[in-house]
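Undergrad: So you can see what is in the structure, the chains are spelled out below.
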Amino acid sequence: MIDIHTHILPCIDDGSPDIETSIELIKTEIEQGVTDIFVTPHYYHLRGFISPVEENKKLFRTLKEEVKKQGLEVNLYLGTEIYYNRKTLRNLKNNIVKPLGNSKHVLIEFSLSKEIEDIPEAINNLTAKGYVPVIAHPERYPYIKKIEPYVYMKKMGAKIQINASALLGKYGGKIKKFVLKLIEKNLVDFVASDMHNFRMDGLKDAYCVVEKVFSKEKAEQLFNNRTIFN
Amino acid sequence: MEFFEYRNVVIEDPNSPESEAYRKLELNIRMSNVDKPIRVIQCTSATPQDGKTTTAINLAAVYAEKGKKVIIVDFDLRRPKIQRAFHKSNDVGLYDFVVDDKDYHDLILHDQSGIDILLSGHRLSYPHIVLQSKKIQDMINELRKEYDFVVVDTPPVLSVTDALIISKIVDGVIYVAAYNQTKKDNAKAGLDQLTENGANIIGAVLANIDVRKSHGVYGYYYYSNYPSKEKD
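Order-wise, the sequence lines are chains D and V. Per the working numbering, the first sequence runs over residues 914 to 1143. Per the working numbering, the second sequence runs over residues 1262 to 1493.
Excised from the complex, chain D in its bound form:
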């Protein structure tokens, strides 16, 4: 499996607090069947998460060395989970935040409470610059409750990443049902863990849910989507 959204880089955001925890989280991922992990620390000004890429790279190197030392079989890639605002394009240009690994995919999140930033505008601006926006856990945004916005987001060139927790009913039965509907309509591109130190991933169980409700092929498509490397 490929996990495109994790907070396992230590000491950066509300994810892993230290390198020991990071290693434990990576071990958990491997047990779940993950082979490739995108390390995506928050860049979220209002929450005080403003560590730039250069700083993250130093920690990322340290983490990779530790993974190698411990003989863990996993590929790591650096990215950012970017809270989108008007400075995002400039921050991408100035290497304050970065796409996922060496791809053109950019993981962006929006407010979890109310509609502040204009999502279609964000998609327009990013795609116009050649990026592929990946909308992080839109099922958690209370202001997107219908299928139609997903159809438009996809049509505009965005990809959709939902959290494994949603498929496990951790955000409630209503959201689980809605997410299954989205999958049925081919509106989801990735399922990821969004793993923090306190939120264990559940990717394996979520995979089983998709396999049971739909098919193994569908589960592979969502949990092992290699287009993320493009």
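Calculated directly from the structure, the hints in this document are not laboratory data. A quick note: this is a predicted structure, and the numbers were derived from the prediction, not measured. Glycine included, each C-beta is placed from N, C-alpha and C at the ideal position. Fair warning: there could be bad hints in the mix.
Heads up, simulated DMTMM-like pairs for lysine to aspartate or glutamate below, C-alpha to C-alpha not over 25 Å straight-line [what the hints assert, rightly or not]:
no.: 1; chain 1: D; residue 1: 1000; chain 2: V; residue 2: 1263
no.: 2; chain 1: D; residue 1: 1006; chain 2: V; residue 2: 1364
no.: 3; chain 1: V; residue 1: 1297; chain 2: V; residue 2: 1367
no.: 4; chain 1: D; residue 1: 1006; chain 2: V; residue 2: 1352
no.: 5; chain 1: D; residue 1: 1006; chain 2: V; residue 2: 1407
no.: 6; chain 1: D; residue 1: 1027; chain 2: V; residue 2: 1432
no.: 7; chain 1: D; residue 1: 1000; chain 2: V; residue 2: 1274
no.: 8; chain 1: D; residue 1: 1000; chain 2: V; residue 2: 1357
no.: 9; chain 1: D; residue 1: 1042; chain 2: V; residue 2: 1273
no.: 10; chain 1: D; residue 1: 1067; chain 2: V; residue 2: 1357
no.: 11; chain 1: D; residue 1: 1027; chain 2: V; residue 2: 1263
no.: 12; chain 1: D; residue 1: 1098; chain 2: V; residue 2: 1432
no.: 13; chain 1: D; residue 1: 1017; chain 2: V; residue 2: 1407
no.: 14; chain 1: V; residue 1: 1363; chain 2: D; residue 2: 1034
no.: 15; chain 1: D; residue 1: 1006; chain 2: V; residue 2: 1372
no.: 16; chain 1: V; residue 1: 1349; chain 2: D; residue 2: 1028
no.: 17; chain 1: D; residue 1: 1006; chain 2: V; residue 2: 1274
no.: 18; chain 1: D; residue 1: 1006; chain 2: V; residue 2: 1377
no.: 19; chain 1: D; residue 1: 1042; chain 2: V; residue 2: 1266
no.: 20; chain 1: D; residue 1: 1068; chain 2: V; residue 2: 1372
no.: 21; chain 1: D; residue 1: 1094; chain 2: V; residue 2: 1357
no.: 22; chain 1: D; residue 1: 1067; chain 2: V; residue 2: 1361
no.: 23; chain 1: D; residue 1: 1068; chain 2: V; residue 2: 1273
no.: 24; chain 1: D; residue 1: 1042; chain 2: V; residue 2: 1453
no.: 25; chain 1: D; residue 1: 1000; chain 2: V; residue 2: 1367
no.: 26; chain 1: V; residue 1: 1349; chain 2: D; residue 2: 1061
no.: 27; chain 1: D; residue 1: 1000; chain 2: V; residue 2: 1273
no.: 28; chain 1: D; residue 1: 1042; chain 2: V; residue 2: 1367
no.: 29; chain 1: V; residue 1: 1349; chain 2: D; residue 2: 1031
no.: 30; chain 1: D; residue 1: 1000; chain 2: V; residue 2: 1361
no.: 31; chain 1: D; residue 1: 1068; chain 2: V; residue 2: 1367
no.: 32; chain 1: D; residue 1: 1068; chain 2: V; residue 2: 1364
no.: 33; chain 1: D; residue 1: 1059; chain 2: V; residue 2: 1266
no.: 34; chain 1: D; residue 1: 1068; chain 2: V; residue 2: 1352
no.: 35; chain 1: D; residue 1: 1098; chain 2: V; residue 2: 1266
Listing some non-contacts, in silico: residues in chain V with all C-beta distances to chain D over 10 Å [stated by the list, open to error]:
no.: 36; residue: 1268
no.: 37; residue: 1295
no.: 38; residue: 1352
no.: 39; residue: 1401
no.: 40; residue: 1440
Got chain D; can you put chain V on it based on the hints?
TA: Frame of chain D; chain V shown alone:
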């Protein structure tokens, strides 16, 4: 969350009846003002989503098609849309000109259609004050010298005062109403506000007609020389 799509039929479907209607619009603007050519044109409407931006981009495309040097300026600083119509990133534009004093020439985007574009850029505070500034007026006057035609998109008349402010610095206003959508009272109220402010309304466009169902009404109906001084 607003999802909308703009079709520039003049570029995408140049042989369609819709694109022909925009060519007719251009012809009518030209013929109705032979002695005093209209070169800075504002597109506005009474209410949102009546078709003003679609009219603006298609009219600009007709000028480009004719080999004219044309620029479209997004003066809808509150809900800018031109970037969406041309799929451009709205990261540079009028904001940089007004706030950071950048040379507006460096902010103009050159679209492959031949249309130049000046976007809004980041959101400006107090757009109505910015639009009244000498800086904006001077820029429009410079653009008038540099381009054959300047097409200006603005917010709807009944929403904010911006469209009325801009109507004073353009040569003429195209007033757009959407068939089966714009409420008659709103259309009339918007028109009254423009005329009361002395806008030179050079015509109107009735948009949103499905030409395949219109039985002889061709896409966009246009009437020129609206008596803008009627109330005087």
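Undergrad: It remains to establish, for every hint, whether it holds in the given structure.
TA: Hint-by-hint comparison with the structure:
1. Distance hint between residue 1000 (chain D) and residue 1263 (chain V) is fulfilled; the C-alpha atoms sit about 21 Å from each other, no more than 25 Å.
2. Between residue 1006 (chain D) and residue 1364 (chain V) the alpha-carbon distance is near 21 Å, which keeps this suggested pair within the 25 Å criterion.
3. A threshold of 25 Å between alpha carbons decides the hint, and for residue 1297 (chain V) with residue 1367 (chain V) the separation of about 31 Å lies outside it, so the pair is violated.
4. Between residue 1006 (chain D) and residue 1352 (chain V) the alpha-carbon distance is near 11 Å, which keeps this suggested pair within the 25 Å criterion.
5. A hinted pair counts as satisfied when its Cα atoms are at most 25 Å apart, and residue 1006 (chain D) with residue 1407 (chain V) does not qualify at roughly 31 Å.
6. Distance restraint check for residue 1027 (chain D) and residue 1432 (chain V): the Cα-Cα separation of roughly 42 Å exceeds the 25 Å cut-off, and the hinted pair is therefore not satisfied.
7. About 36 Å separates the Cα atoms of residue 1000 (chain D) and residue 1274 (chain V), which puts this hinted pair outside 25 Å; it is violated.
8. Taking the CA atoms of residue 1000 (chain D) and residue 1357 (chain V), the gap is near 14 Å; set against the 25 Å cutoff, the hint holds.
9. Of the supplied pair hints, the one linking residue 1042 (chain D) and residue 1273 (chain V) holds, its CA atoms being roughly 22 Å apart against a limit of 25 Å.
10. For the given pair, residue 1067 (chain D) sits about 31 Å from residue 1357 (chain V) by alpha-carbon distance, which is inconsistent with the 25 Å threshold.
11. Annotation: proposed proximity of residue 1027 (chain D) to residue 1263 (chain V) holds, straight-line Cα distance about 15 Å (limit 25 Å).
12. Proximity of residue 1098 (chain D) to residue 1432 (chain V) is assessed by CA-CA distance (about 50 Å); at most 25 Å being required, the pair is judged violated.
13. Taken as a hint, the residue 1017 (chain D) and residue 1407 (chain V) pair is broken in the structure, with Cα atoms around 38 Å apart against an allowance of 25 Å.
14. Proposed proximity of residue 1363 (chain V) and residue 1034 (chain D) is supported: the alpha carbons are some 24 Å apart, at most 25 Å.
15. Taking the CA atoms of residue 1006 (chain D) and residue 1372 (chain V), the gap is about 21 Å. The hint holds against a cut of 25 Å.
16. Of the supplied pair hints, the one linking residue 1349 (chain V) and residue 1028 (chain D) holds, its CA atoms being roughly 23 Å apart against a limit of 25 Å.
17. For the suggested pair residue 1006 (chain D) and residue 1274 (chain V), the alpha carbons sit about 35 Å apart, so the restraint of at most 25 Å is broken.
18. Distance check on the hinted pair: residue 1006 (chain D) and residue 1377 (chain V) sit about 24 Å apart at the alpha-carbon level, within 25 Å; holds.
19. For the given pair, residue 1042 (chain D) sits about 19 Å from residue 1266 (chain V) by alpha-carbon distance, which is consistent with the 25 Å threshold.
20. For the hint pairing residue 1068 (chain D) with residue 1372 (chain V), the CA-to-CA distance comes to about 22 Å; that is within 25 Å, so the pair holds.
21. Among the hinted pairs, residue 1094 (chain D) with residue 1357 (chain V) is inconsistent with the structure: their alpha-carbon atoms are about 44 Å apart, more than 25 Å.
22. Proximity of residue 1067 (chain D) to residue 1361 (chain V) is assessed by CA-CA distance (about 35 Å); at most 25 Å being required, the pair is judged violated.
23. With a CA separation close to 18 Å, the supplied pair residue 1068 (chain D) and residue 1273 (chain V) stays within the 25 Å bound.
24. In summary, the hint linking residue 1042 (chain D) to residue 1453 (chain V) is not supported, as the alpha carbons are separated by about 42 Å, beyond the 25 Å threshold.
25. Using a Cα cut-off of 25 Å, the hinted pair residue 1000 (chain D) and residue 1367 (chain V) holds, with the two alpha carbons roughly 20 Å apart.
26. The hinted pair formed by residue 1349 (chain V) and residue 1061 (chain D) meets the criterion: a straight-line CA distance of about 24 Å does not exceed 25 Å.
27. Restraint check for residue 1000 (chain D) and residue 1273 (chain V): not satisfied, since their Cα atoms lie roughly 33 Å apart, outside the 25 Å limit.
28. Of the supplied pair hints, the one linking residue 1042 (chain D) and residue 1367 (chain V) holds, its CA atoms being roughly 18 Å apart against a limit of 25 Å.
29. Distance check on the hinted pair: residue 1349 (chain V) and residue 1031 (chain D) sit about 15 Å apart at the alpha-carbon level, within 25 Å; holds.
30. Taking the CA atoms of residue 1000 (chain D) and residue 1361 (chain V), the gap is near 15 Å; set against the 25 Å cutoff, the hint holds.
31. Simply put, residue 1068 (chain D) and residue 1367 (chain V) have alpha-carbon atoms about 31 Å apart, too far for the 25 Å limit, and the pair is violated.
32. A threshold of 25 Å between alpha carbons decides the hint, and for residue 1068 (chain D) with residue 1364 (chain V) the separation of about 35 Å lies outside it, so the pair is violated.
33. For the hint pairing residue 1059 (chain D) with residue 1266 (chain V), the CA-to-CA distance comes to about 19 Å; that is within 25 Å, so the pair holds.
34. Our distance criterion of 25 Å between C-alpha atoms is met by residue 1068 (chain D) and residue 1352 (chain V), whose separation comes to about 22 Å.
35. For the hint linking residue 1098 (chain D) to residue 1266 (chain V), the alpha-carbon distance of about 22 Å falls within 25 Å, and the restraint holds.
36. Every C-beta of chain D lies more than 10 Å from that of residue 1268 (chain V), the closest at about 14 Å, which supports listing it as non-interface.
37. Every C-beta of chain D lies more than 10 Å from that of residue 1295 (chain V), the closest at about 40 Å, which supports listing it as non-interface.
38. Its beta-carbon lying about 5 Å from the closest one in chain D, residue 1352 (chain V) breaks the requirement of being farther than 10 Å from that chain.
39. Distance check for residue 1401 (chain V) against chain D: the nearest CB is about 25 Å away, which clears 10 Å, and the non-interface claim stands.
40. With a least CB separation of 24 Å from chain D, residue 1440 (chain V) remains clear of the 10 Å interface cut-off, as annotated.
Checked against the numbered hints above, the structure breaks hints 3, 5, 6, 7, 10, 12, 13, 17, 21, 22, 24, 27, 31, 32, 38 and satisfies the rest.
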